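Chains as they are written, first to last, in our numbering: chain P, 1 to 142; chain G, 1 to 137.
Take these hints with a grain of salt, some might be off.
[Unchecked claim] Label-pair restraints from in silico Cβ distances:
{"#": "1", "chain 1": "G", "residue 1": "Asp122", "chain 2": "P", "residue 2": "Val79", "range": "18 to 26 Å"}
{"#": "2", "chain 1": "G", "residue 1": "Gly95", "chain 2": "P", "residue 2": "Thr110", "range": "31 to 39 Å"}
{"#": "3", "chain 1": "P", "residue 1": "Thr110", "chain 2": "G", "residue 2": "Gly6", "range": "42 to 50 Å"}
{"#": "4", "chain 1": "G", "residue 1": "Gly49", "chain 2": "P", "residue 2": "Arg107", "range": "18 to 26 Å"}
{"#": "5", "chain 1": "G", "residue 1": "Pro43", "chain 2": "P", "residue 2": "Thr110", "range": "23 to 31 Å"}
{"#": "6", "chain 1": "G", "residue 1": "Glu93", "chain 2": "P", "residue 2": "Gly92", "range": "36 to 44 Å"}
{"#": "7", "chain 1": "P", "residue 1": "Ala84", "chain 2": "G", "residue 2": "Ala44", "range": "30 to 38 Å"}
{"#": "8", "chain 1": "G", "residue 1": "Asn36", "chain 2": "P", "residue 2": "Pro17", "range": "33 to 41 Å"}
{"#": "9", "chain 1": "P", "residue 1": "Pro13", "chain 2": "G", "residue 2": "Thr100", "range": "39 to 47 Å"}
No lab work stands behind these hints: they were computed from the structure.
In this text the structure is predicted, and so the values were computed from the model without any measurement.
Where is the CB? At the ideal position from N, CA and C, for every residue including glycine.
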Amino acid sequence: MPISEDHVGRSYPATAPYEVSRAKIAEFAAALGDGDNPAYAGADPIAPPTFAVVLSSAAWDAMFADPDLELSLSRTVHVDQRFAWQRPLRSGDEVSATLTIEKVRARGATAIIGISVALATTAGEHLCTATSTLMHSTGEAA
Amino acid sequence: MSALTGVEVGQLLPGFSRTFTRADLVRYAGASGDFNPIHWSNPAAAALGLPDVIAHGMLTMGTALRVVTDWAGDPARVRSYSVRFTKPVVVPEVGGTVVTFTGTVTKVADGLATVSVEALCDDVKVLGAVTAEVDLG
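Given only the sequences and the hints, what does the whole structure look like? Please build it.
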């Protein structure tokens, strides 16, 4: 049975802890064209706000691997994205991400899926909530 | 950090333009870990009916936030940020694609400024409902 309203509330185990590093922060800032921003450099940099996607998207893997849902990343469109931060991610943070399916609206071959990913340090400090709407299409191969 | 003062509704934030090239997409793929081939492979993009390779929506989203962080000074001020991915940014193999970003303060209340950002490519909005909340304190 493909994804349906019945899967709302399903959560997946937290991702393996990921340590935010200065090198990765610098690399991500440069990719945004913001490599000169002093906040992302030095001994104790913060990560660019949208660096949170590195963690949140890693949490998507568990959902896409769930055989009950019959989802495929290649048939998925990212409709919207929101982040709400408690504080910035910074170098040295050890972060895990936990995904919960918040909303499903299945109509014919298309499902609109609302997910929420909570980012927290391994010590349990909440850092950021990343919420996304995905549109998944089944039927004809993409 | 010292408080951001004198922020008013209607205030325009300095904008900028960025040319996205294939090299930028490859760099973002590596930095973000998003190696979906529609962001670097012509056949993969064509197989999905796209006119050409497209930029990662998150690259456009992340770049657009620079309007806010450049203005706010400290990126740690950003409390929330949301966008809708309305139209893909198509990036040809040769040259690149220019996207222009501008911002406007739409609300100031309770120590927070709400900023709306516009991202235009060939006069078409590539992101919708781009909203960031900035801590003024």
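Hints, one by one, checked against the model:
In this structure the hint that G:Asp122 and P:Val79 lie 18 to 26 Å apart at CB holds, the actual value being about 22 Å. A beta carbon spacing of about 35 Å between G:Gly95 and P:Thr110 agrees with the range 31 to 39 Å that was offered as a hint. The beta-carbon spacing between P:Thr110 and G:Gly6, approximately 47 Å, falls within the hinted interval of 42 to 50 Å. The hinted range of 18 to 26 Å is satisfied by G:Gly49 and P:Arg107, whose Cβ atoms lie roughly 21 Å apart.
Checked against the hint of 23 to 31 Å, the C-beta distance between G:Pro43 and P:Thr110 comes to roughly 25 Å, which is consistent with it. G:Glu93 and P:Gly92 have their C-beta atoms about 39 Å apart, which keeps the hinted 36 to 44 Å range intact. Take P:Ala84 and G:Ala44: their Cβ atoms lie about 33 Å apart, and the range 30 to 38 Å holds. About 25 Å separates the C-beta atoms of G:Asn36 and P:Pro17, a value inconsistent with the hinted range of 33 to 41 Å.
Distance hint check for P:Pro13 and G:Thr100: the Cβ-Cβ separation is about 42 Å, which falls inside the suggested range of 39 to 47 Å.
The structure is inconsistent with hint 8 alone, although it conforms to all the rest.
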